Amino acid sequence: MACFLVPMTEAIITTIAQKVIEKKEKNAGEKTVTSVDGFTMEKTPFSKKLGWLNKMLWGGSALLAFEHVWHGEVVPYFPFLTAAGEGPEAVSEMLHEMGTAGVCMALIVTVVWIGMLLGSKLLEKRALKALPAAK
Amino acid sequence: MTLLVTVFAAAITTSLWYKRQPDGSMKLGILCWMFWGASLMWLIDAIFEYAELGAAYFAPEPADMLNDLFLGLSVIALALIIWIVILLISDPKDVIKAKLLRKKS
Chain E
1 MACFLVPMTE AIITTIAQKV IEKKEKNAGE KTVTSVDGFT MEKTPFSKKL
51 GWLNKMLWGG SALLAFEHVW HGEVVPYFPF LTAAGEGPEA VSEMLHEMGT
101 AGVCMALIVT VVWIGMLLGS KLLEKRALKA LPAAK
Chain Z
1001 MTLLVTVFAA AITTSLWYKR QPDGSMKLGI LCWMFWGASL MWLIDAIFEY
1051 AELGAAYFAP EPADMLNDLF LGLSVIALAL IIWIVILLIS DPKDVIKAKL
1101 LRKKS
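Chains as they are written, first to last, in the working numbering: chain E, 1 to 135; chain Z, 1001 to 1105.
Just so you know, these hints were derived from the structure itself, not from any lab. Any given hint could turn out to be false.
[As the list claims (entries may be wrong)] Rough simulated footprint, nothing fancy, chain Z against chain E, three-plus residues with beta-carbon under 8 Å: (1) 58-69; (2) 97-104.
[As the list claims (entries may be wrong)] With a straight-line cut-off of 25 Å between C-alpha atoms, the simulated SDA-like cross-links for lysine to any residue are: (3) E:Lys55 / Z:Ile1047; (4) E:Lys19 / Z:Ser1090; (5) E:Lys26 / Z:Lys1027; (6) E:Lys49 / Z:Ser1025; (7) E:Lys48 / Z:Asp1091; (8) E:Lys43 / Z:Gln1021; (9) E:Lys55 / Z:Ala1056; (10) E:Lys43 / Z:Ile1047; (11) E:Lys48 / Z:Ile1089; (12) E:Lys125 / Z:Gly1024; (13) E:Lys48 / Z:Ile1047; (14) E:Lys23 / Z:Ile1086; (15) E:Lys55 / Z:Leu1080; (16) E:Lys43 / Z:Pro1092; (17) Z:Lys1019 / E:Glu42; (18) E:Lys55 / Z:Thr1014; (19) E:Lys26 / Z:Ile1030; (20) E:Lys43 / Z:Arg1020; (21) Z:Lys1027 / E:Leu117.
[Said to hold, decoys possible] Label pairs and their computed distance ranges (CB to CB): (22) Z:Leu1066 / E:Lys121: 42 to 48 Å; (23) Z:Ile1012 / E:Gly85: 35 to 41 Å; (24) E:Gly87 / Z:Gln1021: 50 to 56 Å; (25) Z:Glu1052 / E:Lys24: 40 to 46 Å; (26) E:Gly85 / Z:Asp1094: 47 to 53 Å.
Just so we're clear, the structure is a prediction, and the values are computed from it rather than from any experiment. In this text, a Cβ means the ideal position worked out from N, Cα and C, and glycines have one as well.
Work out the full structure, taking the sequences as your base and the hints as a guide.
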């Protein structure tokens, strides 16, 4: 009914967070690691990794929003959500769906992203270990 | 069916993205994130539907399947349009810029 609104709300919050973190990282300066043969390795900043989550949340909720338009659950005129104009029972059902499916959608994307963070950290560690003269 | 179509799209675009690395000028990553994000969300939708319908979830009516396939293809078309717009606006290869600023002899 309107489950995509939950990941979309998370996307708004994480996009703002990304902008703030990006600014902080710029002020702090970039950290690079260089090996003996001149090959420079740079750790992926956290703001960029947060961007992965943003893109998944924005992209996913945009495509899901299209699905809701397809099924007539979202309309281009007020009140935009069909359920909102169908009485309190439909609204309660919509809110229930947002609280269950919507929250689970936001959670699964976030959990997968956390998994990617851990994976990338492991790969970065392994790559740094492989460099003999890493600073 | 929509989930299936999106997962296939995600896997294909991810393999194309991987093949083109480290050249990211085609911005294929955008498509990958979009399709994977939507696939995860539709997976949750499928789990909820399965919890409600049980085994009947895997035996949809042909008309529903066709509608879902049509929706899946439309979703891919929309994602491709979003990607093309982002690609042309960001113009990483300066193709649009070169076309617009071409000097007339």
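Each hint tested on the structure:
no.: 1; hint: 58-69; result: holds (count 9)
no.: 2; hint: 97-104; result: holds (count 3)
no.: 3; hint: E:Lys55 / Z:Ile1047; result: holds (23 Å)
no.: 4; hint: E:Lys19 / Z:Ser1090; result: holds (19 Å)
no.: 5; hint: E:Lys26 / Z:Lys1027; result: holds (24 Å)
no.: 6; hint: E:Lys49 / Z:Ser1025; result: holds (19 Å)
no.: 7; hint: E:Lys48 / Z:Asp1091; result: holds (20 Å)
no.: 8; hint: E:Lys43 / Z:Gln1021; result: holds (17 Å)
no.: 9; hint: E:Lys55 / Z:Ala1056; result: violated (34 Å)
no.: 10; hint: E:Lys43 / Z:Ile1047; result: violated (37 Å)
no.: 11; hint: E:Lys48 / Z:Ile1089; result: holds (20 Å)
no.: 12; hint: E:Lys125 / Z:Gly1024; result: holds (24 Å)
no.: 13; hint: E:Lys48 / Z:Ile1047; result: violated (31 Å)
no.: 14; hint: E:Lys23 / Z:Ile1086; result: holds (23 Å)
no.: 15; hint: E:Lys55 / Z:Leu1080; result: holds (15 Å)
no.: 16; hint: E:Lys43 / Z:Pro1092; result: holds (23 Å)
no.: 17; hint: Z:Lys1019 / E:Glu42; result: holds (22 Å)
no.: 18; hint: E:Lys55 / Z:Thr1014; result: holds (14 Å)
no.: 19; hint: E:Lys26 / Z:Ile1030; result: holds (24 Å)
no.: 20; hint: E:Lys43 / Z:Arg1020; result: holds (21 Å)
no.: 21; hint: Z:Lys1027 / E:Leu117; result: holds (21 Å)
no.: 22; hint: Z:Leu1066 / E:Lys121: 42 to 48 Å; result: holds (45 Å)
no.: 23; hint: Z:Ile1012 / E:Gly85: 35 to 41 Å; result: holds (40 Å)
no.: 24; hint: E:Gly87 / Z:Gln1021: 50 to 56 Å; result: holds (53 Å)
no.: 25; hint: Z:Glu1052 / E:Lys24: 40 to 46 Å; result: holds (45 Å)
no.: 26; hint: E:Gly85 / Z:Asp1094: 47 to 53 Å; result: holds (48 Å)
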